[in-house]
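K.L.:
So the chains spell out like this:
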Amino acid sequence: MADLHFLANPARFRRFSQRVLPGLGFATVLMLGVGLYMAFFVAPADYQQGQTVRIMFVHVPSAWLSMGGYALLAVLGASLLVWRHPLAALMARAAAPVGASFAAVCLLTGSLWGRPMWGTYWVWDARLTSMLLLFFLYLGHIALSRAYDDSGRGDRAAAILALVGVINLPIIKFSVDWWNTLHQPASVTRLDAPAIHNSILVPLLWMAVSLLFLFVWLVLLRTETEIDRRRLEVADQTQ
Amino acid sequence: MASPLLEVTDLACRRGSRPVFDRLSFGLGGGELLALTGRNGSGKTTLLRALAGLVRPDAGTIRWQGEDVAGDPDTWRGRLAWLGHLDGLKGDLTVAENLETAERLRGGDAARLDSALVAFDLGPLAARPVRTLSAGQRRRTALARVVLAAAPLWLLDEPLNALDAPAQAAFRSALQKHLEGGGLAIAATHAALGVVGRTLELAA
Amino acid sequence: MASPLLEVTDLACRRGSRPVFDRLSFGLGGGELLALTGRNGSGKTTLLRALAGLVRPDAGTIRWQGEDVAGDPDTWRGRLAWLGHLDGLKGDLTVAENLETAERLRGGDAARLDSALVAFDLGPLAARPVRTLSAGQRRRTALARVVLAAAPLWLLDEPLNALDAPAQAAFRSALQKHLEGGGLAIAATHAALGVVGRTLELAA
Amino acid sequence: MIGFLSLLRRDLRLVWRRPGDVGVVLAFFVVAVVLFPLGIGPETNVLTRIAAGVLWCAALFAALLSLERLFAADYEDGTLDLLLLAPWPLELAALAKCGAHWIVTGLPLSLLAPLLGVAFGLEPESLFILFVTLLVGTPALSLTGGLAAALTLGARKSGALLALLALPLCVPTLIFGAGAVEALAMGEGIVTHVAILAALALVALATMPWAIAAALRQAGE
Amino acid sequence: MIGFLSLLRRDLRLVWRRPGDVGVVLAFFVVAVVLFPLGIGPETNVLTRIAAGVLWCAALFAALLSLERLFAADYEDGTLDLLLLAPWPLELAALAKCGAHWIVTGLPLSLLAPLLGVAFGLEPESLFILFVTLLVGTPALSLTGGLAAALTLGARKSGALLALLALPLCVPTLIFGAGAVEALAMGEGIVTHVAILAALALVALATMPWAIAAALRQAGE
Ligand code: HEM
Ligand SMILES: Nc1ncnc2c1ncn2[C@@H]1O[C@H](COP(=O)(O)OP(=O)(O)OP(=O)(O)O)[C@@H](O)[C@H]1O
Ligand SMILES: Nc1ncnc2c1ncn2[C@@H]1O[C@H](COP(=O)(O)OP(=O)(O)OP(=O)(O)O)[C@@H](O)[C@H]1O
Ligand SMILES: [Mg+2]
Ligand SMILES: [Mg+2]
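Residue numbers (this note's numbering), protein chains in the order written: chain G, 1 to 239; chain A, 1 to 204; chain B, 1 to 204; chain P, 1 to 221; chain R, 1 to 221.
Because the hints were derived from the structure by calculation, they are not lab data. Here a beta-carbon is modelled for each residue, glycine too, at the ideal position from N, C-alpha and C.
Taking CB as the label site, the calculated pair distances span:
(1) A/Arg172 with R/Ala206: 48 to 54 Å
(2) P/Leu107 with A/Arg56: 39 to 45 Å
(3) G/Gly25 with A/Arg56: 33 to 39 Å
(4) R/Glu43 with B/Asp74: 53 to 59 Å
(5) B/Ala165 with A/Ala70: 32 to 38 Å
(6) P/Ala198 with A/Arg56: 52 to 58 Å
(7) A/Leu86 with B/Pro166: 23 to 29 Å
(8) G/Arg15 with R/Arg9: 54 to 60 Å
(9) G/Gln18 with P/Ala198: 56 to 62 Å
(10) B/Gly66 with P/Ala199: 45 to 51 Å
(11) P/Ala195 with R/Glu43: 24 to 30 Å
So that you can see chain G by itself, here it is in the shape it has in the complex:
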């Protein structure tokens, strides 16, 4: 959190982000380009799943990032409620839709993948269901932070939700696992993670890192926009 402390002041953050953003954007594009190339052309097609396995290179990192994103929201929520960092609210506002988008991408790619693999877009599998619930938690956060006249109130309400939600996430995950193992659906043929070859693992990790770059870049960019929006709001109201 040390760097957040340093950046707690929006003006200082702006100076920092303006220096970092262009380079970060460039690096993101570069990494993503290389990653996608590896995913589509270098990595071998799976002997069982054919070309569809390539969906994994987006699907799995999205899942990781959306889970990490919610943890970020909780950290930001705590620093807003406890230390009153003005930037934490803006950053949470910026990060929530990005995290939600990654969750949506995970769900979408997953169900697109499910069609060839399971013959259906959706099954009530534990992992799928808990990802869906995470997506809802994101939606709740976004809706709550925008539901108020006073943006500060929305920020604080959403921060409380993020903290409670992050405590609940393991409970939700656990309960959904339990729920599903009680009566396992017979029709589902899940991909039992086979010992992953390096030929797949390397592109996967590469894509994970480049999507992480994308995540950070988007969050910083959106934070800048939020700062500007807040400034306009202030200017608008003090005129």
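Fit chains A, B, P and R with the ligands to the given chain G structure using the hints.
P.N.:
Relative to the frame of chain G, chains A, B, P and R with the ligands by itself:
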């Protein structure tokens, strides 16, 4: 002069993202009344809410007998009696029940209920559910709640709203009595309160 | 004397099962103001609501130019401009939008919006959502709505509530202008309106 | 007519100011639908069997939840008095408010339900019929629910009371709406179902505005 | 403690003044449960299969509908300010309000659900387990829903938003509550289920009052 009981230093507040007031300082001793005046939107309501701790100020301190009230909010709240824009009454409870519950919630025992009712001529209405009262009758009930609280500091937002002339007189004498007993009062108002006191005019 | 424009005969109303007033009669001609006074709970609000047709009277008639208004309520409502205890504003719409929509709902075209805004010094607030306004700023918006309606009869419930001194003066001159143009006004109030007119005191 | 249109526009504009509100109702719909598999268990064949019922019930809940504030907001801030005092028929005002509610709730719900139906394993034709029945049936829900909303104005716990009043009134719509999807699954004709749904909507359209107006006048007293 | 008890008593008395309000929530529960056979069709084996899930989902909805006004009424009439200004911990006040809500909603729902279960063809033991799980699980619903209610104070469309916030957080309770009845039907043990439900309720009891108090404080600003 001894330092005042209540001391406000450099208080600053914003609503939404609009600064409402900035570097507001004043002190108030026992038996003193402060009337808040100023144009509509000058921040009287905001100041009262900040004093009560309902709005967190951006900057500044509020001291009671020299101690920052933020340090022990429970005790500070115990020192306050609050009358807001809204009356804070439950329509389904009777006048007497409303007063009694409100005082119990403050941790008191509502022993002086009858005299508070009499002070605002609420005797005949005591058993009526508040939802059947007129605007001024409700306001009188809310004022009786303030009197009942027996708190050293009254915070009142437009206490005269909707009151008829006899009720205004009743309020005045209750306020006078509170001040004579060494109490403090801060009241936002557009009309003259009719009680001797200092005035703080907020700039718009 | 020509018979008055508005003629109320033997009006009786009850709230819940309690009779509020009985056999109330008065007449009001063009350019006249009637101030309703009386103790809290004497029935001022009830009378205004009965005149507007929001409360059904137990007995009695209300005539406009000699015709019973119950016969053609749509036309009657078209003649009224209403200001209640509640401001009747939408917090999410701006001041200007609130005024415009309210006038459209009355079937008018809100052409004189700007002058109504200026009359109550609402120009700088016109583009702000009403939810960010203070109590008095909202009341001023509601008053501007009344002025905008250009209706012959104004029904006002405690119009001075929450207004600061300049806003009270603005209201007074608007009312004066309305009366000079031959309009009628009935206003429930506890404070002096500051405009020449008759007074009807309701008994408690 | 000017009044009708400007009321409709005002209500739509109020929603437009906060596009999130519609999103919230839809999100609620989705969440409610998702809860059922969690409560009932994940077997696809059971879920497909009850899908139409669950989707229709959830649509009903979503509509009811959002109906609660239909008139209550106007009542609490005093704009209902202004509506009552407008010099044109209150029946039109009632219609405008319910119309605006349908546009922002019924219509998107109808579009969203088929997407969720996929997760329950419904066939494409069933999805289409689901869409059609919702499209035809939701206006009746908006109008009947509007009546309940008007009747409960000023009552405490009005949300639950509203639901209590509205649910029985909505039962016929629900039965024929969900029934159509099942009839299709059984290979029966569905024209009758849709026709009855349309008839219900028309009856609601022809009667509810008057009932709502009467209830609103009552609330003004 | 005086404050805690008198707040609890006040809320119970407010309900007592209008006994219809509890009746309404329960009636909503009954109607919602009855709708399912109507929407789904009358086959008993399907109905028995889904009975526990449906009853639990309906209880959840009923609790949420009634939660909406939990703090909103106090907020609108200004009594929330008085609560915030009371010189004792706001956490206790939150607990008292949720406790009152449970007494007038969760408890009667637990008693009513087994009666409805009979109509779905549940066995006596299942009915008893249904009662026990609801009794143990509903306090968690009241507390979690109470947080959602406090968070949405003053927000527009708070009803639907409340449901959106509360539903994901209530999923664990739902799963173990409905799951217990099914586990029994499968001949499995249910002690674990009930133990987990109790643990969930205790976790909610230990954390939610703080979160609710924080939410109420910022609602007062
Ligand atoms: C909408 C549908 C889907 C959702 C929501 C979903 C969700 C997830 C999540 C949350 C993870 C991360 C798990 C973790 O690392 O802890 C994951 C990983 C993974 N998913 Fe999916 N998934 C879906 C469909 C599929 C399908 C159809 C397949 C292929 C048959 C698949 C294959 C995988 C693989 C191979 C991993 C990585 C293996 C691992 O980390 O254990 N997923 N998915
Ligand atoms: N919720 C809010 N969001 C944004 N701005 C607000 C909010 N509430 C009040 N304001 C603004 O803050 C300023 C101070 O408002 P406040 O209510 O304290 O004024 P006041 O002095 O009490 O006025 P009045 O005499 O009209 O009651 C006003 O300019 C008002 O427009
Ligand atoms: N909804 C109601 N049910 C029963 N009685 C009511 C109701 N509303 C008002 N009353 C009673 O009717 C009488 C007249 O009330 P009304 O509101 O007209 O008084 P008012 O003259 O406007 O008083 P104020 O000056 O306090 O506004 C009062 O005695 C009041 O208690
Ligand atoms: Mg004020
Ligand atoms: Mg009155």
